[in-house]
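Given only the sequences and the hints, what does the whole structure look like? Please build it.
Number of protein chains: 2
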Amino acid sequence: MERKKPLILITNDDGITSHGIKALVSVAKDFGDVCVIAPDKPQSGMGHAITVHSGITVSEASFPGAKLAFSCTGTPADCVKLGKYHLLQQKPDLCLSGINHGANMSLNVIYSGTMSAALEGALEGIPSIGISLCNNSTEAKMDTSAKVTRILIETFMSNKPDQNLCLNVNIPDVPFEEMKGLRFCRQGKGNWKEYYKERKHADGKEYLWLTGKFENFEPANSDTDLWALNNNYVSLVPVHGDMTNYKELEKGKEWELRWG
Amino acid sequence: MERKKPLILITNDDGITSHGIKALVSVAKDFGDVCVIAPDKPQSGMGHAITVHSGITVSEASFPGAKLAFSCTGTPADCVKLGKYHLLQQKPDLCLSGINHGANMSLNVIYSGTMSAALEGALEGIPSIGISLCNNSTEAKMDTSAKVTRILIETFMSNKPDQNLCLNVNIPDVPFEEMKGLRFCRQGKGNWKEYYKERKHADGKEYLWLTGKFENFEPANSDTDLWALNNNYVSLVPVHGDMTNYKELEKGKEWELRWG
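Chains A and B are the protein sequences, given in the same order.
Going by the working numbering, the first residue of the first sequence is number 4, and it counts up by one from there.
Going by the working numbering, the first residue of the second sequence is number 4, and it counts up by one from there.
Treat the hints with care, since some could be wrong.
Since the list gives no way to pick out one identical chain from another, each pair is judged satisfied if it fits inside one copy or across any two copies.
Calculated lysine-lysine pairs in the DSS-like style (CA-CA distance at most 27 Å, straight line) [as the list claims (entries may be wrong)]:
id : residue 1 : residue 2
1  : 7         : 163
2  : 192       : 44
3  : 254       : 192
4  : 70        : 7
5  : 216       : 144
6  : 183       : 254
7  : 163       : 256
8  : 44        : 200
In case anyone wonders, no lab produced these hints; they're calculated from the structure.
Dropping the structure here:
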């Protein structure tokens, strides 16, 4: 009896027409039946947003390499919920998000639409990977990232991941020959030092444009995605939705709590 | 010499005109100089979204009880970044987000605009509290929540919180006399079982409306916000931006990693 092919749900945050999602589908199709459900426009920086104040419009699309494809007005996390609860007849075996045009290492995970989709998949019991290339250009070449993604999917599937496993994978923007391999690590500590550019619209109305510089708070040697990427490794950080700060929880239990 | 009053930054995700933020300012003004920077429209479910694809327009506003007030077109997290990096001359001593019309316990923290603002504050070195009332009505009475918030701020400030402490506080929707006090706990495990209502716009175009039912995955007795709220405690969960799943990281280090 022929073994049923895995169902692979693919989404992203750069929108259904981006180069990155095309590269991802071109690889993933060799591992199973691909269904694409992706935003109809760029959704970078959307964090774990979901659409609660309006409806979501879904349109069928054609997508080379995919058995099924839909674009929608929702966020990346919406796309995964739509797949799980409305558009698909069975639960996907794997959820892939990306390939993102831009790094999502360190604290960027909390702002990332790419990673919100992957995390949403894992929360729904679908092993998931969010994949990002450390190059912000929408024109970035995806050949090397596609090659890495093939190795990554092979590795992921052969190690039989837990159904709630979510990996945040970042690929350094260097030639394949310079990469040193895959590396599990923790999320590095860092943050953005922001500033706002003051601009004017054509009608004279002022607006502010967010921009910033990422600061690495880790020491030179650390078992983090920041170190891994700086040393030409592909970083693999398992992430989850439990945001409890257990260290502060222990301290809190010593607090004097007032009442009444 | 007179001691300088603390500067308190206040935001929310229900927008600057909501009842909840008015209740919060009415209490917070007794603890320091209040600056309100809030979205000009509801931003529920925005997760940790930030505005990266467009500019943000900021308008000065008048707000009873606040020394300074601005509304803006940005997200809750944007409001805190704007305060820290552009609108304020000094770093706030405390950041408060809410009072949200609706619960943000358990997994809801990852979808919550209220909590994204509080977490953003803590990431910027400002001790922060996100406060939510477990009642989704935009007309919900805030008197009891205001009373709880006063006790909460007193408790928070008197215990000299770390500059990166972020508390996710949920207030049960019961009379004050029935509440049992403040309680530190971890984020409870749970998730939404979703479904989509199919609707049509006036022009006949179809859309989907997300709705769902929250499922509690915890046992009857657990040291979680879910248990605390069910037992009429005000739940205090310290949260942070490190999303690493350390348990899965240990497992991952045993994986056979392919390459080339």
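Each hint tested on the structure:
In the homo-oligomer, the alpha carbons of residue 7 and residue 163 lie at most 27 Å apart inside one protomer (17 Å), although the nearest pairing across protomers, at 58 Å, exceeds that limit. With identical chains, the CA atoms of residue 192 and residue 44 are never at most 27 Å apart, being 31 Å at best within one copy and 32 Å at best between copies. In this assembly of identical chains, residue 254 and residue 192 lie within 27 Å of each other by CA distance both inside one copy and across copies; the values are 21 Å within and 22 Å between. Within a single copy, residue 70 and residue 7 get their C-alpha atoms as close as 14 Å, which meets the 27 Å cut-off; across copies the closest is 65 Å, which misses it.
Taking CA atoms no more than 27 Å apart as the test, residue 216 paired with residue 144 passes inside one copy only; the shortest distance there is 24 Å, against 43 Å between copies. Proximity of residue 183 and residue 254 under a CA criterion of 27 Å is satisfied inter-copy only: 21 Å between copies versus 41 Å inside one chain copy. When the C-alpha separation of residue 163 and residue 256 is checked against a cutoff of 27 Å, the pair qualifies only between copies, where the shortest distance is 14 Å, while the shortest distance within a copy is 38 Å. Taking CA atoms no more than 27 Å apart as the test, residue 44 paired with residue 200 passes in both settings, with 24 Å inside one copy and 23 Å between copies.
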